[in-house]
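Colleague: Let chain A serve as the given structure and place chain B on it in line with the hints.
Number of protein chains: 2
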Amino acid sequence: MRILIIGAGGVGSAAVRIAVRRPFFDALVVADYDPARPQALVDELGDPRLVAAEIDASSSSAVAAVVREHAITHVLNAVDPRFVMPIFDGCFEAGATYLDMAMSLSAPHPDHPHEQTGVMLGDEQFAAAAQWEAAGRLALVGMGVEPGLSDVFARYAEDHLFSSIEELGVRDGANLTVEGYDFAPSFSIWTTIEECLNPPVIFERDRGWFTTARFSEPEVFEFPEGIGPVECVNVEHEEVILMPRWTKARRVTFKYGLGEEFITVLRTLHTLGLDSTAPLDVKGVSVAPRDVVAAALPDPATLGDRMQGKTCAGVYVTGTGTDGAPRAVYLYHVVDNEWSMAEYNSQAVVWQTAVNPVLALELLASGAWSGSGVLGPEAFDAQPFLDLLAADAPAGYGSPWGLEERDAGAA
Amino acid sequence: MRILIIGAGGVGSAAVRIAVRRPFFDALVVADYDPARPQALVDELGDPRLVAAEIDASSSSAVAAVVREHAITHVLNAVDPRFVMPIFDGCFEAGATYLDMAMSLSAPHPDHPHEQTGVMLGDEQFAAAAQWEAAGRLALVGMGVEPGLSDVFARYAEDHLFSSIEELGVRDGANLTVEGYDFAPSFSIWTTIEECLNPPVIFERDRGWFTTARFSEPEVFEFPEGIGPVECVNVEHEEVILMPRWTKARRVTFKYGLGEEFITVLRTLHTLGLDSTAPLDVKGVSVAPRDVVAAALPDPATLGDRMQGKTCAGVYVTGTGTDGAPRAVYLYHVVDNEWSMAEYNSQAVVWQTAVNPVLALELLASGAWSGSGVLGPEAFDAQPFLDLLAADAPAGYGSPWGLEERDAGAA
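So the protein sequences, as listed, match chains A and B.
Here the UniProt record's numbering is used: the first residue of the first sequence is 1, the next is one more, and so on.
Here the UniProt record's numbering is used: the first residue of the second sequence is 1, the next is one more, and so on.
This is chain A alone, in the form it adopts within the complex (with noise of 0.2 angstroms):
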């Protein structure tokens, strides 16, 4: 196997960092516009599979030159969704097989953006389906955490827990604070401010996929592992796209726990057109509100060590067990910050995100996983995935998931 990684930022470092640990690949290209980054990073890492690049992420052609002349056979997509269309045809175009942790964007519904799905998060992508299975090709989407692990997770579900699953609700929260900051966010917050002022999407069987207001249906929830209750509400996310398509859920939600803060900062952008990425002229100068807004809050990359506390993404699963009683679970992976510092110098979110797919491209080598076609990661038998998430370092990953048992009647 010979993977480009393209995008040398948190994400895409934080893969990196987590492959050299791992032997079943031959080559690890990583490539960036700005080459200095990924040269730094093989520097530091000194593995001599890896090889630095320059891209331009936003040309198919490109990307395809670089698949081409390196001999990729695997590409991980590691740079914002605006990039996901070039980077996915270029694949294609080159025959790689395909990876992301986030999927083609959304346009809202036109008249009602309120009630209607629009152009939905992946639809680009899936109109290429067809093509890519014809072709014998694989584009495994959505292979971060949130999407990611979250769909296998609900994968799990449906093969070993549940007989008929009412509702997979995603549910990710974290107590993580930043020292001297009053405010920075753990994650990209041109994609946080994408995925939480986009019009929530629900998906219900005998309805189909439809939008609500933005930050719907708030719910405190109580996570694992110490982090508590968290103000959780609707937001805009792949695994509501994904999961009805491989499993037969009643109901797919996605609940982001922002807290009450966080959804007043979104709040506030969007009254005041802050989350605008349409140019504005500021004294003869043109940009777009939310690049200012990403420029004056901190790198979130950067603040690893900074950073105190836990990050948690999984699935709230109700329905009928097995064993045709109501039942209600948990399933949820956690991250602690100290942790994944100590251990790979990432912070925990982009830890977390990272790790799944380096871990599906392992399956892949491995041919534990095969397909074709536009695939979700709840489209792979789950068992491998999470057997080797949780396996104890050198033979798995060392970051075990968990199972939680609720309280099925107050599901």
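Think of the hints as simulated: they come from the structure by calculation, not from any bench.
One thing to keep in mind: the hints can contain errors.
Computed footprint of chain B on chain A; a stretch qualifies when at least three of its residues, placed anywhere within it, have a C-beta under 8 angstroms from a C-beta of chain B [what the hints assert, rightly or not]:
1. 259 to 270
2. 281 to 291
3. 294 to 304
Just so it is clear, CB atoms sit at the ideal spot from N, CA and C, and this is done for glycine as well.
Modeller: Chain B in isolation, oriented as in the chain A frame:
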């Protein structure tokens, strides 16, 4: 009298619209960095006393040159407070009387910003007071509505209503709404951020000036004429600097009726660093976040015909009445946007700011007001000002003020 108004924005334009109805001056030059703006005003109003000019308000010598070229006797500064010092200095240099509506900017105390004052509003101007006085020249500072009319009310209270004043509490509130906008400030957001996010200043006779935390001492104040209750908080404002210099009040405060939503917006902008005036590198472009916020919002001067409601400026005065009994009075001035749009094609907040310096110019022209040095509005007799404001047109400005007796026990 030959007047120069610098700035043909919202307030400058309204001042011109108000002034052209008055016979007290011989010439009025309207100057702006963009000469098309005053020219449009001159063309529209068709008053032969009006002349449009171009000016660089950031240069004292450029200001002095325009003053000399047009033989200006009185200059009204109607641009944002960043330009106070060059205009103030240019007027002194060229021998013109100077008026403004906001004073030279403050800088917080370097070590204890929320306890002690640093550079105070107007400090730079008062530093030149002896020089102005020695030359027999007048700088009438803070002569808008707040500061301005509020300071006139303070003088009136001390001279006519109270034998001793416990507190002069400026209270500003409105019930304005703007159709079609979730959030549209009715006054310059640049200035609002400046005055609300700087440490609020308070004066106490036995302690001097000191500062507090942002948005301190929240209080619901009942505004008259149907505006009703509005949450007010301490902000930095010129009255707190001016009133103690010419009245004997024991305490002076300024509370702004921001309302909860606006407070949240300002807090959030500050938390995210978006209030900053320091340029930021945004993808290779240099831009100050506060300028981006201003550019993302509609220009308040253009919102008059979508606005509804009233704005109120006033001073809540507590102390001992002239009869020796406890007294509490709210002296106020309300402008209804519907009236100011119909009468002057100016929105209420802008009109209310602009009428006061024009009226002050008229009093200086008639000799009812005269003086030298750097003086606040409370250094002059309040009676002719308030009489002329309330008198029906064409004798006066047709905009009555009010006096509400309040429960002195509650004060």
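Colleague: Against the structure, test the hints numbered earlier, and report the numbers of the ones violated in rising order.
Modeller: Going through the list in order, the structure violates no hint and respects every one.
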